[in-house]
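Participant: Listed below, chain by chain, are the residues.
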Amino acid sequence: MKISVMTDILEADDRIATVNQGIFDKHGNLVINLMSSPGAGKTTLLERTAEALKDKLRLGVITGDIETTIDSERLERFQLPVIQLTTGSPCHLDANMIASALPHLDLSQIDILIIENVGNLVCPAEFKVGEDYKIVMLSVPEGHEKPLKYPLMFRESALLLINKIDLLQYTNFNLEEARRNATKVNPDLEIIEMSCTAGQGIEPWVSWLVERYQRKIGKQRSA
Amino acid sequence: MHEMAIAQGILDIAVAAAQKGGSQKIARINVVAGELRGLVPLQLTYCFSVLAEHTIASHALLNLEITPIRGRCKQCDETFIVKDHQYVCPQCQSRDIQTVSGTELRVRDIEVV
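Quick mapping for you: the protein sequence lines, in order, are chains Z and P.
Residue 77 in our numbering sits at position 77 of the first sequence; the count goes up by one each step and never skips.
Residue 306 in our numbering sits at position 83 of the second sequence; the count goes up by one each step and never skips.
Okay, chain Z solo, but in the shape it has when bound (with noise of 0.2 Å):
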């Protein structure tokens, strides 16, 4: 006998994600699901992020690792309200793991959350965790064809950050390339090139987050 069933397989995510986001957006609060392979950058680029909106905007993060609290040291200087999630063996971050997490932030004092996802370039783009933007980091040794080897990842951002293009002249990567096969995958996708050690492309990615926060918050008022 067969029994017809239509059922969503992600959707006991999908609903917890539609929760969270919820309680965002009653915070106020912009959230940004940040994504990369491991080693692209991400907790440099949450360095330089808290340095950048320091006195501005209030940012708070939440990181995900497999193992390892040394992401959530290396922000401590910052004194931010940062939540280390470890995740034990799940490659990704999702909305259940996100909602364990709210407790333990005071979210009516952060404007802009970021969420680090675990370094992987395959499977957090299947997951919502509750974001008003995904974002997707790629780094200059891993090679310009990414984009098209992981097209969900780059389908599902909004904003591709290319890292570490000081190391540009020690690799074949080829920046032109890389830009074609990320808007080949998502037409939309925005691009901004960057070095989070050198400190180039911050400006632009902060008016970025800066940008976007303040069209949330608008958008809320005026509704």
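Simulated from the structure, these hints should not be mistaken for laboratory data.
Misleading hints may appear alongside valid ones.
Unchecked claim - Quick list of in silico lysine-lysine cross-link-like pairs, DSBU-like style, CA-CA up to 30 Å:
(1) Lys26(Z) <-> Lys56(Z)
(2) Lys216(Z) <-> Lys297(P)
(3) Lys219(Z) <-> Lys54(Z)
(4) Lys219(Z) <-> Lys297(P)
Starting from the structure of chain Z, add chain P where the hints point.
Facilitator: Below, chain P without anything else, positioned relative to chain Z:
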């Protein structure tokens, strides 16, 4: 290994549907997954077989149907299958393409005995 989370989702949905229908054994589960999901069928069936042990789905065959990515041109309304992630309209060459399907991920039906 998002396959594990997805396998768990499939199992939960299938078992719930079978029990609702008053059945105690699932023979087959038909899953529809869009190509954009990048699922590895072997990995998924392996994860599923481990999770399904000692459940009413322990002998169920997990059938995965991969559906292609379908795009719709926002300029000329042409719909077409996106191959090799080339989001370009074959009719008018526009790159203003909306993804119509390719990200779906659902249990379509189950067969019970």
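Participant: Decide, hint by hint, whether the structure agrees.
Facilitator: Quick rundown of the hints versus the structure:
A threshold of 30 Å between alpha carbons decides the hint, and for Lys26(Z) with Lys56(Z) the separation of about 21 Å falls inside it, so the pair holds. For the hint linking Lys216(Z) to Lys297(P), the alpha-carbon distance of about 26 Å falls within 30 Å, and the restraint holds. Taking the CA atoms of Lys219(Z) and Lys54(Z), the gap is about 24 Å. The hint holds against a cut of 30 Å. A threshold of 30 Å between alpha carbons decides the hint, and for Lys219(Z) with Lys297(P) the separation of about 26 Å falls inside it, so the pair holds.
In terms of the numbered hints stated before, the structure departs from none.
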